[in-house]
Amino acid sequence: MQEWANQLCENRQFGSKMTDSKYFTTTKKGEIFELKAELNSDKKEKKKEAVKKVIASMTVGKDVSALFPDVVNCMQTDNLELKKLVYLYLMNYAKSQPDMAIMAVNTFVKDCEDPNPLIRALAVRTMGCIRVDKITEYLCEPLRKCLKDEDPYVRKTAAVCVAKLHDINAQLVEDQGFLDTLKDLISDSNPMVVANAVAALSEIAESHPNSNLLDLNPQSINKLLTALNECTEWGQIFILDCLANYTPRDDRESQSICERVTPRLSHANSAVVLSAVKVLMKFMEMLPKDLDYYGTLLKKLAPPLVTLLSAEPELQYVALRNINLIVQKRPEILKHEMKVFFVKYNDPIYVKLEKLDIMIRLASQANIAQVLAELKEYATEVDVDFVRKAVRAIGRCAIKVEQSAERCVSTLLDLIQTKVNYVVQEAIVVIKDIFRKYPNKYESVIATLCENLDSLDEPEARAAMIWIVGEYAERIDNADELLESFLEGFHDESTQVQLQLLTAIVKLFLKKPTETQELVQQVLSLATQDSDNPDLRDRGYIYWRLLSTDPVAAKEVVLAEKPLISEETDLIEPTLLEELICHIGTLASVYHKPPSAFVEGSRGVQHKRIPIRSGSGESSESQDTGGAPGATEAPAAVIPSQGDLLGDLLNLDLTPPTSTAGAPPGPPMPMGGMDLLGGGLDSLLGGDIGGSPSMGSGFGAPAAVMPSSLNAPVGGGLGDLFDLGGGVGMPMGTFVPPKTLWLPAMKGKGLEIMGTFARRAGVIQMEMTLTNKAMSVMTDFAIQFNRNSFGLAPAGPLQVPTPLSPNQTIDVSLPLNNGGPVMKMEPLNNLQVAVKNNIDVFYFSCQYPISMLFVEDGKMDRQVFLATWKDIPNENEAQFQINDCHLNSDAASNKLQGSNVFTIAKRTVEGQDMLYQSMKLTNGICVLTELRVQTGSPTYTVSLKCRAAEVSQCVFQCYEAALKN
Amino acid sequence: MYCSCCFSLPNSSGFSVATMNGQLKKCHIAITSFIDSCSPFLIPSSLSPSLCDSSHNLDSLPIVAVEMIHSLFLINHSGDIFLEKHWKSVIGRSVCDYFFEAKEKAAEPEDVPPVLQTPHHYLISIYRDRLFFLSVIQTEAPPLFVIEFLHRVVETFQDYFGECSETVIKDNVVTVYELLEEMLDNGFPLATESNILKEMIRPPTILRTMVNTLTGTSNFEERLPSGQLSTIPWRRSGVKYTNNEAYFDVIEEIDAIVDKSGTTVCAEIQGVIEACVKLTGMPDLTLSFMNPRLLDDVSFHPCVRFKRWEAERVLSFIPPDGNFTLMSYHVNAQNLVAIPVYVKQNISFFESGSGGRLDLTAGPKQTMGKTVEGLVITVHMPKAVLSASLTATQGSYTYDPATKVLVWDIGRLNPQKLPNLRGSLSLQAGAPKPEDNPSINIALKIQQLAISGLKVNRLDMYGEKYKPFKGVKYVTKAGKFQVRT
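Same order as they appear, the protein sequences are chains V and H. By the numbering used here, the letter at position 610 of the first sequence is numbered 610, and the numbering carries on one by one without gaps. By the numbering used here, the letter at position 373 of the second sequence is numbered 373, and the numbering carries on one by one without gaps.
Among the hints, a few may not be true.
Distance condition first, Cα-Cα at most 25 Å in a straight line; then the derived PhoX-like pairs of lysine-lysine [what the hints assert, rightly or not]:
#  : chain 1 : residue 1 : chain 2 : residue 2
1  : V       : 344       : H       : 383
2  : H       : 477       : H       : 455
3  : V       : 335       : H       : 480
4  : H       : 480       : V       : 339
5  : V       : 46        : H       : 480
6  : V       : 376       : H       : 344
7  : V       : 344       : H       : 278
8  : V       : 62        : H       : 477
9  : H       : 477       : V       : 344
10 : V       : 437       : V       : 344
11 : V       : 964       : V       : 895
12 : H       : 198       : V       : 52
13 : H       : 445       : V       : 344
14 : H       : 278       : H       : 404
15 : H       : 260       : V       : 339
16 : V       : 344       : H       : 344
17 : V       : 344       : H       : 365
18 : V       : 289       : V       : 344
19 : V       : 36        : H       : 170
20 : V       : 376       : H       : 455
21 : V       : 344       : H       : 455
22 : H       : 445       : H       : 365
23 : V       : 376       : H       : 383
24 : V       : 562       : V       : 437
25 : H       : 433       : V       : 376
26 : V       : 376       : H       : 260
27 : V       : 344       : H       : 404
Quick caveat, the hints were computed from the structure, so don't treat them as lab data.
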């Protein structure tokens, strides 16, 4: 028996020696050399061991690419395992060793003919991973055969390979007709092949936003739905995501698709479930609400969503982010499921915070008692962030559910009694908001709040407390003492507190003028004379002036009735929500941002929209489904930023009283207008795509073409509104150079293009006049740019109302974005353009003034300017002279501001005005200049500093152009 | 809108000099093919060798990636990357720095957010068995898809190597690599079913490793597995057993929050039916329940025929071979969830802040006449609690002053003699009275009971002639079972 055990023990040791970990132990010194020798050994076994060692090194990130030729030499072997190992290596390194990879081509081609389907598939798969142009030529024939292989395993592998090849050389894939073959595979008898073909096509379509690759029609949808039931879970995800892009013709089709997708809700794979939810959420919009099926569907959606919450925490997190959207869109689905969102002690913090957010969204009169009890419980947990958020949540509940306000306030008071410092501070911040929402109701608690004055050490809480004291000064006997106590350390306070203190004392003075004169003088002098902060100083001066000229007016302004705060300021703006619903399950839904806003290299931004219910002719109904994003009015209080509600509120109160004073209660900006612009909001959030091109596309609004000349002013108007919001006196718009001849008719086979560039409302527009000087009509216009220095690319298709008949002239304006590929051009602002029409493709190049790229937020802080100026080495400084300019410095500053060149400071030395200016390019490059204007002299001197010195010349040109026009 | 096919020029190099107004002479880049607006124009290598060779230039261009999961990094508990796999180009390890930053910030490894945004990539990670599986993706991809895939990777490792640990992965690194390659192709999952994988890549066993080394045979299957492409991808053909058996375990976990006073705040049951089916041939099974109405929120293994479930409420399926999860379900109707035990607790700290008292008693509540076993009560103490001096009438307790966790392992719950744990807690000198309440978690096990009341009625087999052994087992456990104090 003992002997047996010993033997076993020995075997163990023997066994453990046999594991791969031995490959990790090779010594560093001469390792590569040794491996090289082994790889070239005659013994098969030794070769295999050597390749394994190479792979082991690869897995831990060692660079073994130097062994490429030796490993490739091992490829010609009958030993499948060795072959496979070599393939593994090849896939990893082929990209960095393209020329070497070509050595392997013959073997690949041979393997693609192998009788064993496994080898055929392996070869075609590996070949597709080698991203070398030269190899792709050899790949075409084998790939074509494999796409029609008798074995479905090979076919499905080949389908994926088409997508790989497309990524390397799209043109080749099109020329070779692989796309058509791929489309044929959608009708393949094997569901796995169908799924992979769909996946490949979706991926290709993503890089071809305008192509009609996945031509979804009722027949193809039917095929997809059939394959959906039979293919693997991953294939189901691809098919469901593809289905989600389809727009059913009518509610009946919509219903039948929903019926066939519903079983996916019971799939064990949560990604399948969420993709199915996406399809259902989208198509549901088309169903009439009175339909029985609609109600059934609503009921069916809840359980799978709840089930997602019992999965692993990572899955829960993604699910919760999506549920957050679903709850906003259709609160009825989960309104009875409040309890599943209750936070468990051992949930990770990221899950806890998300659950809390959804709890507030679901809070209603029916469940508020439960919710409050929970929130109160959470406020005693360990995690400080979570506790704070729980306290804020109580405040949000109070604002959201009016009937519960009283309970919320008493809960908050209980929490204040705990004397836990951060709990008290959060509670005071939210109580301030409750006062704003329900004035003259809960002021009795002020006394309790005042007791905690000394423990407040966070600016937000201090500011909130000061606001309360100022606002209710008449009810607080010792308000002046309280405020005075804050005043002692005035200069050590944060700006937020300083501003609030200033306002509060002015309020106090207006309410109790007799006792507080000294106090108000003290604060005004602190704010105006001893402070460096311009906001504080300006506010101080305004109050001072107001109080000294007309105390009655001051009272009207400062003590004006404040607009009530809205309960749902944290909701996602409806059009964005619509888009996000179409992106359920994606990263966009996790970040609650449109994909265009953050995915790098997101090709061709497609704004997805929920289809509108159509057909039955009850237009009023489609309105109240909320499914017509273009037509429904946005709720008045929508604030585009998703920032914390409470933060917003405080900011609102902090804005200089001038803006709230005269204005009637209501939002300061006419936000309702934005919704009408469709994509407009996305462009504000996303920042890179013009509002105009997406306008027509989404909601089947008047045929896709909209005269683009009409779009521009609309966009401009929007921009103006925001400029107003910015509060700076805006001078005339951006300087637009006159149009120049870009493509003469002779070279354009009759097409003449004159053009210029303009920046309107933050969007670069390429404005062109197209003239048809040929004898025949022109149609099918399209435009494309070569790579250029700043990645300019058309933000949408060229919208030319066609046909362009002979001698007709048309103005078009094409919005551009900066999402295109980048390559440095010479000169820097050169742009190579290709325009296509039914006749030919024409190429020309033009130069854009660099001022088009100056962004609206290019104004630098003074301190930053100074620091940056010092920081940039002197060799980057360039100096230019501008002659014959007869503007004075203010006019020059105004003119330049129109081109987003911002004057930060002005200094006058011995009759010479020095303007310090900054601008920022779309790619983040900042340019700093000093403009010297000698009174009475027509010559300006521009000194310019920039980290990227190449731009100097272009900037100088645009200074000259802007100043002289 | 345009069709890009008619957009290219037949001879790309011919036009460039002629039409570009001479600009091109200066710059050696020509528009050669007219492709999609966002992908870069292609530069023929023949025209500009300098550009193609210099990797610097290529790197600065936005690389348009296609696949979903670009790379995978395995990171151990202490933050070392011990394995990396790239499905396309190699992404430098520095991308993980963003993850390490987040890990640094998180209090516990479990608290690292699963989705992280970096300037050029997205990092999606899961934390399993004290390892991080970190995937790098470049384009918009469904995060659940990625997370589910990562879970599948972990399960496959567990299945192949018995556990999923750094040591075992390093020991089998080549197999691991082969597996990863087989599971994902260009971002598309290829073969994730364990039985298919096992036919392609044999799991290592000590015996096989020895035999392989001695005889030089490989652990790699030379032929395409037959089951791969049948319409039932989860089952291979030609399965043979001498003992045909089919066992089903109905496992239910109770997730509940009970408040101070013993009232249930919320409670739900997560159930799964785990199957172990070893049957010859292509059996077609039907499993029916006594009370299928309980099940309104279910998710099934792909083998289950959904239509039959919808119509008749029976599970009809051709089972995978071996172990698999047949279905999972969720019962959250409050009245159906029985709470098997109660904990009477009194944990208090003295106002002075010098210490406190603890008194816990556990007792049976709704056990349906069964015995509660494996009862363990875990208390997460406030940070200030230094040590505990307690007496247990049953079982043993430990207090870990580092993690502040008190574990009381009771074992079997005797209804006649309720277990009690009481004594004093001592606080750090000078620490104030703790602000947060301790939280109590309960673990337990009840054999031969599905607490929801679910009962299997019968199992029938069609399609094969032999008579299999059949068995159903029930067990109830506590899941996230929490008592507030």
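Status of each hint after checking the structure:
A distance of roughly 19 Å separates the Cα atoms of residue 344 of chain V and residue 383 of chain H; the hinted pair therefore holds under the 25 Å criterion. At most 25 Å may separate the alpha-carbon atoms for a hinted pair to count; residue 477 of chain H and residue 455 of chain H meet this at roughly 16 Å. As the CA atoms of residue 335 of chain V and residue 480 of chain H are separated by approximately 23 Å, the hinted pair is consistent with the 25 Å bound. The straight-line distance between the Cα atoms of residue 480 of chain H and residue 339 of chain V is roughly 14 Å, inside the 25 Å bound, and the hint therefore holds.
Between residue 46 of chain V and residue 480 of chain H the alpha-carbon distance is near 53 Å, which puts this suggested pair outside the 25 Å criterion. Note on residue 376 of chain V and residue 344 of chain H: the hinted pairing holds, with a Cα-Cα distance of about 22 Å set against a maximum of 25 Å. With a C-alpha separation of about 39 Å, the suggested pair residue 344 of chain V and residue 278 of chain H falls outside the 25 Å cut-off, and the hint is violated. For the hint linking residue 62 of chain V to residue 477 of chain H, the alpha-carbon distance of about 46 Å lies beyond 25 Å, and the restraint is violated.
Distance check on the hinted pair: residue 477 of chain H and residue 344 of chain V sit about 17 Å apart at the alpha-carbon level, within 25 Å; holds. This hinted pair does not check out: residue 437 of chain V and residue 344 of chain V have alpha carbons roughly 32 Å apart, beyond 25 Å. Restraint check: the Cα-Cα separation between residue 964 of chain V and residue 895 of chain V comes to about 10 Å, which is no more than 25 Å; the hinted pair holds. A threshold of 25 Å between alpha carbons decides the hint, and for residue 198 of chain H with residue 52 of chain V the separation of about 20 Å falls inside it, so the pair holds.
Restraint check for residue 445 of chain H and residue 344 of chain V: satisfied, since their Cα atoms lie roughly 20 Å apart, inside the 25 Å limit. Simply put, residue 278 of chain H and residue 404 of chain H have alpha-carbon atoms about 46 Å apart, too far for the 25 Å limit, and the pair is violated. For the proposed pair residue 260 of chain H and residue 339 of chain V, the alpha carbon gap of about 17 Å is at most 25 Å, so the pair holds. Taking the CA atoms of residue 344 of chain V and residue 344 of chain H, the gap is near 20 Å; set against the 25 Å cutoff, the hint holds.
Distance restraint check for residue 344 of chain V and residue 365 of chain H: the Cα-Cα separation of roughly 22 Å lies within the 25 Å cut-off, and the hinted pair is therefore satisfied. Of the supplied pair hints, the one linking residue 289 of chain V and residue 344 of chain V is violated, its CA atoms being roughly 36 Å apart against a limit of 25 Å. Of the pairs offered as hints, the one joining residue 36 of chain V and residue 170 of chain H holds, with about 23 Å between alpha carbons and a cut-off of 25 Å not exceeded. Between residue 376 of chain V and residue 455 of chain H, the direct Cα distance comes to roughly 40 Å. Violation of the 25 Å bound is thereby established for this hinted pair.
At most 25 Å may separate the alpha-carbon atoms for a hinted pair to count; residue 344 of chain V and residue 455 of chain H exceed this at roughly 29 Å. Between the alpha carbons of residue 445 of chain H and residue 365 of chain H the distance comes to roughly 14 Å, so the proposed pair stays at or under 25 Å and holds. Restraint check for residue 376 of chain V and residue 383 of chain H: the C-alpha separation of about 21 Å stays at or below 25 Å, so the hint holds. In summary, the hint linking residue 562 of chain V to residue 437 of chain V is supported, as the alpha carbons are separated by about 10 Å, within the 25 Å threshold.
Restraint check for residue 433 of chain H and residue 376 of chain V: the C-alpha separation of about 19 Å stays at or below 25 Å, so the hint holds. For the suggested pair residue 376 of chain V and residue 260 of chain H, the alpha carbons sit about 13 Å apart, so the restraint of at most 25 Å is met. Proposed proximity of residue 344 of chain V and residue 404 of chain H is supported: the alpha carbons are some 18 Å apart, at most 25 Å.
Violated hints, in rising order: 5, 7, 8, 10, 14, 18, 20, 21; the structure is consistent with all others.
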